[in-house]
Amino acid sequence: MNDSQMRRVYLDHNATTPVHPEVLGAMLPYYKEKFGNASSIHGFGKEIKVALEESREKVAKSINATSNEIYFTGGGTESDNLAIKGTAFANRKKGKHIITSKIEHHAILESCKFLEKEGFEIAYLPVDKSGFVDPDDLKKALRKDTILVSIMYANNEVGTIEPVEELAKIAKDNGVYFHTDAVQAMGKIPADVQKLNVDMLSVSGHKIYGPKGVGAIYIRKGTRIIPWSHGGSHERSRRAGTENVPGIVGLAKALEIVHKEMEEQSKHLRNLTETFYRKLTQAIPDVFLNGHLEKRIPNTLSLSFKAVEGESIILSLDLKGVAVSTGSACASGSLEPSHVLSAMGIAPELAQAAIRFSFGRDNTMEDVDYVVKILPEIVSRLRSMSPLYANK
Amino acid sequence: MYSAKVMDHFQNPRNVGQIENPDGVGHVGNPVCGDIMELYIKVEDNHIIEAKFKTFGCGAAIATSSMITELVKGKSLEDAEKISKRTVAEALDGLPPNKMHCSNLAADALQKAIEDYRSRKKNI
Numbered sequence: 000m001n002d003s004q005m006r007r008v009y010l011d012h013n014a015t016t017p018v019h020p021e022v023l024g025a026m027l028p029y030y031k032e033k034f035g036n037a038s039s040i041h042g043f044g045k046e047i048k049v050a051l052e053e054s055r056e057k058v059a060k061s062i063n064a065t066s067n068e069i070y071f072t073g074g075g076t077e078s079d080n081l082a083i084k085g086t087a088f089a090n091r092k093k094g095k096h097i098i099t100s101k102i103e104h105h106a107i108l109e110s111c112k113f114l115e116k117e118g119f120e121i122a123y124l125p126v127d128k129s130g131f132v133d134p135d136d137l138k139k140a141l142r143k144d145t146i147l148v149s150i151m152y153a154n155n156e157v158g159t160i161e162p163v164e165e166l167a168k169i170a171k172d173n174g175v176y177f178h179t180d181a182v183q184a185m186g187k188i189p190a191d192v193q194k195l196n197v198d199m200l201s202v203s204g205h206k207i208y209g210p211k212g213v214g215a216i217y218i219r220k221g222t223r224i225i226p227w228s229h230g231g232s233h234e235r236s237r238r239a240g241t242e243n244v245p246g247i248v249g250l251a252k253a254l255e256i257v258h259k260e261m262e263e264q265s266k267h268l269r270n271l272t273e274t275f276y277r278k279l280t281q282a283i284p285d286v287f288l289n290g291h292l293e294k295r296i297p298n299t300l301s302l303s304f305k306a307v308e309g310e311s312i313i314l315s316l317d318l319k320g321v322a323v324s325t326g327s328a329c330a331s332g333s334l335e336p337s338h339v340l341s342a343m344g345i346a347p348e349l350a351q352a353a354i355r356f357s358f359g360r361d362n363t364m365e366d367v368d369y370v371v372k373i374l375p376e377i378v379s380r381l382r383s384m385s386p387l388y389a390n391k
Numbered sequence: 000m001y002s003a004k005v006m007d008h009f010q011n012p013r014n015v016g017q018i019e020n021p022d023g024v025g026h027v028g029n030p031v032c033g034d035i036m037e038l039y040i041k042v043e044d045n046h047i048i049e050a051k052f053k054t055f056g057c058g059a060a061i062a063t064s065s066m067i068t069e070l071v072k073g074k075s076l077e078d079a080e081k082i083s084k085r086t087v088a089e090a091l092d093g094l095p096p097n098k099m100h101c102s103n104l105a106a107d108a109l110q111k112a113i114e115d116y117r118s119r120k121k122n123i
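Residue numbers (numbering that gives the first Met the number 0), protein chains in the order written: chain D, 0 to 391; chain A, 0 to 123.
The hints are simulated quantities; they were obtained by calculation from the structure and are not laboratory data. Incorrect hints may have been included.
[Said to hold, decoys possible] DSSO-like, lysine-lysine: derived pairs with alpha carbons at most 30 Å apart: (1) Lys319/D - Lys111/A; (2) Lys305/D - Lys74/A; (3) Lys305/D - Lys111/A; (4) Lys319/D - Lys53/A; (5) Lys57/D - Lys305/D.
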C-alpha cells in the first residue's frame, strides 16, 4: 500500500492540533487588508486595536477574567517564562523561595533551574503513582520566604488533572502567588480563574486548534510581576513587541470555540479513549495505564507496553499511518526516561515502554478500531525480539 | 530521521532469536537508558558461523543489532573484534547523532560475546 492510500490517524493532539477552519477564516483578513499596527494612531492601526481588544475580551470571557488581566504572548512557553521569572524578580525582596512540582512542563522546570542559578531556591513537590500533587506536601513546603507556587492544571504526558483549586487556596491563605500552566487543560476542562482562585494562568494557541506562536497569560489585577521582554509599551508594558494580531485573533476564536463545545467534545473524547483503552487491553496483554482513568483530561491516555521500547512502537505505527508520541528518552534524544513517569515511580523499563495517545475532535470510532486492529501485531512482533519478554 | 537501511533492518530484522547452547553470549545495556541487547554466537574453527540477537530498544537499537549479526557471519574472531560502533553505523548508512552512543550497543555486545567465548574456552 502506498502512502496516498494508507489510512492516516493523528493521535498526537497534545503535541499540536490542526487549525480549526473557522479560526483560519477569522485570521486571514489580518494577513491581508487588515494588516495595520495596533499602536498606530491612523485608521489602519485603529481597526487593529479594536480587533486586539475584542480578542482580549473573548479570552477573558472564556476564563471568567476581565480583559485588562489578559496579556498576549508568543506561546505557552513564553507565558510560563513570564509567570515564573517575572514574579520571581519582582518579589525577590520578599523572598527567594518558589514551589513547583516534579512533573511540570520543561518551560516551568527550565525557568526554575535558571532561577536557581540566580540565587533562588526551588522546591519540587513529588507526585503519587497517578501523578497527583498532595496538598499536604504543599503545606509542608511553604516557608515564610515563599513567593510563588506553580503547579500545572493538567499534565501533558499522562493527562492527570491536579487539584489546583485546593492548592491555590493553600497558597492564597499564606499570601503566596499561585500560577498554573493550563496549556493542556484549556478547552478540555473548565478553567475559571475565580473558581480556581489562581493569580496567573498560561494558555497556548496551537493546543486548542489555534495557530502556533501565540499564547496568553492571565495575570490577576494587583499581582507584582516584571516584564521579561523590554521595548515598546505593548500589552501595557508587560510584553514588548508588536502584537501578532492574526495569531491573537486566531487564539481568541479558538478559545471561543473550544469553550463553547467543551461539554460535547469532552463526552466525545472520553467515549473514544475509554473504548480504546478497553478494547486495547482486551487485545494486548501486559498493558499498563500511566495516570488516572477518571481524573484526567478526556483526550489523553498514556499506556506502557511491557518489554517494548516506546520509539519502536511509534516507528511501527507511523509506517501504518498512525501518529503517536512517547514520553520516553529515545525520541527526545536524552538518555533518561520521562521525568513525569519517573516522578510517578514507574519502573524505568515501563517508563521506556510508554506511549501517549492524545485524541482530538476529528478522531472517530473508526480510528479507534483501526489502531486496535493493527497494534496487537506490532507489539507482539517487538515482544518476540525483546529479551525482557518471556515468550508465552 | 532514520536512513532507509535502518528502517529496513528495523522492519525486517535479520537473525532474531536465541541460539541453543551458544559458544558466547554478550549482554549489554540497562532499562534506564532504554536499550538492552543480548547477542548469541556460535564459533567453529575460530570463525563465527552463526549470530542471533534479542533487543529491547528503539529503532536504531534494533537495526544495529540486526546489522551486526550480518556483519560477523563467517568472520574470524580477530576480524570480528575490529567491528566498531562506527562500522555498524556506516553499514546502516549512518545514524542520527543522538543515537550513536545510546542505541549503538551492538559492537559492545559483540566484544562481550567474544570475551565470553574465550573465557569459556579457557575453562574447558
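So, going through the hints one by one against the coordinates:
1. Lys319/D - Lys111/A: Status violated; Cα separation ~36 Å.
2. Lys305/D - Lys74/A: Cα-Cα ~36 Å, so violated.
3. Lys305/D - Lys111/A: holds, 26 Å
4. Lys319/D - Lys53/A: holds, 24 Å
5. Lys57/D - Lys305/D: Since the Cα atoms of Lys57/D and Lys305/D sit roughly 45 Å apart, the hinted pair is violated (cutoff 30 Å).
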